[in-house]
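Whole structure, please, built from the sequences with the hints as guidance.
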Amino acid sequence: MNNLSIYKILLICCIGAIQLGHSQNTGVKELLNKALAFYQSEEQYQVDMTYTMYQGLTGSKATESYQGSIIKNKAVSQIKMLNTDILQFPEGQLTINHTEKTVVYTIPEISSIERQVVQLNTLMKNYTQGKTTEKGDVILCELTADSQSNQNPYSRVILHINKNTYRLEKQELFFSRLIPFVGDRGVKKLDHGRLIITFEYSEGVLSEGIDIKDYIVLKSSEDVFLTGDYQEYRLINRSH
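Residue 44 is where the sequence shown starts when you use the working numbering, and the numbers rise one by one after that.
If you're looking for bench data, these hints aren't it; they were derived computationally from the structure. Cβ coordinates follow ideal geometry from the N, Cα and C atoms, glycine included. Careful, some of the hints might be misleading.
[As the list claims (entries may be wrong)] For lysine-lysine, the following BS3-like pairs were computed, each having C-alpha atoms within a straight-line distance of at most 30 Å:
(1) Lys231 x Lys213
(2) Lys104 x Lys232
(3) Lys256 x Lys123
(4) Lys104 x Lys231
[Claimed, not checked] Using C-beta positions, here's what the derived DEER-type ranges look like:
(5) Val181 x Ser263: 46 to 52 Å
(6) Gly99 x Ser190: 32 to 38 Å
(7) Gly229 x Glu185: 33 to 39 Å
(8) Gln87 x Glu143: 29 to 35 Å
(9) Lys213 x Glu86: 20 to 26 Å
(10) Lys104 x Gly252: 36 to 42 Å
(11) Lys104 x Gly271: 24 to 30 Å
(12) Gln87 x Thr270: 23 to 29 Å
Here it is as structure tokens:
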């Protein structure tokens, strides 16, 4: 199993998920609130992300990389990463695994993006130190985890936020525990690891986008079947 498969949960939502300790300065809190407000207030946006895992705390030795994206179009959102699509509609949520050829239909109480905030809120609540510095048009927001906590997967997080738009441009995540890396001769070695995520935003108005009818026919919560290109997939109905 590759390292990125294990740590794929980090998305834009981590901005809203970070709870800062009492020692945190108000400037950091205000910056994160402004960044979060952009994603909450915008009705439409598309963000293309590149996830790259690096071995070591410094250097440019990349061990693996993959692409992902988040598309929001009013009440419909789509998250794509690692051959999996998470589609959120007013009628419910579809999680499509193209490797296993399965479609899971659920009716969640909160959206998939909001759920990431809740999950990460639990994971990332022990950041007690934070500082901001400006570098050109970017504000670097560095958060350091409480050294007494053993529940945080990241000892340090650096957010690169555009100071004009407050959009996230890059995220650097430093893992708190050593990670197994495979060397040139196939020998595993424990080392420090860091994950860097870069964000590219598509400008302009998005098209009307997708509809749940492109994937399933929904007569009732118990009467659901696949349609279109997904008729050969296996449906897992978890709506009741």
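Status of the hints after comparison with the structure:
1. For the proposed pair Lys231 and Lys213, the alpha carbon gap of about 29 Å is at most 30 Å, so the pair holds.
2. For the hint linking Lys104 to Lys232, the alpha-carbon distance of about 14 Å falls within 30 Å, and the restraint holds.
3. Restraint check for Lys256 and Lys123: the C-alpha separation of about 19 Å stays at or below 30 Å, so the hint holds.
4. In summary, the hint linking Lys104 to Lys231 is supported, as the alpha carbons are separated by about 15 Å, within the 30 Å threshold.
5. Checked against the hint of 46 to 52 Å, the C-beta distance between Val181 and Ser263 comes to roughly 50 Å, which is consistent with it.
6. Here the CB-CB span from Gly99 to Ser190 is close to 21 Å, at odds with the stated 32 to 38 Å.
7. Separated by about 36 Å at the C-beta atoms, Gly229 and Glu185 satisfy the suggested range of 33 to 39 Å.
8. Between Gln87 and Glu143 the C-beta distance comes to about 31 Å, which sits within the given range of 29 to 35 Å.
9. A hinted range of 20 to 26 Å for the beta carbons of Lys213 and Glu86 is consistent with their spacing of about 25 Å.
10. The hinted window of 36 to 42 Å between Lys104 and Gly252 holds, with their beta carbons roughly 39 Å apart.
11. About 43 Å separates the C-beta atoms of Lys104 and Gly271, a value inconsistent with the hinted range of 24 to 30 Å.
12. For the pair Gln87 and Thr270, the beta carbons lie near 26 Å from each other, so the given range of 23 to 29 Å is met.
Violated hints for the displayed structure, listed by number in ascending order: 6 and 11.
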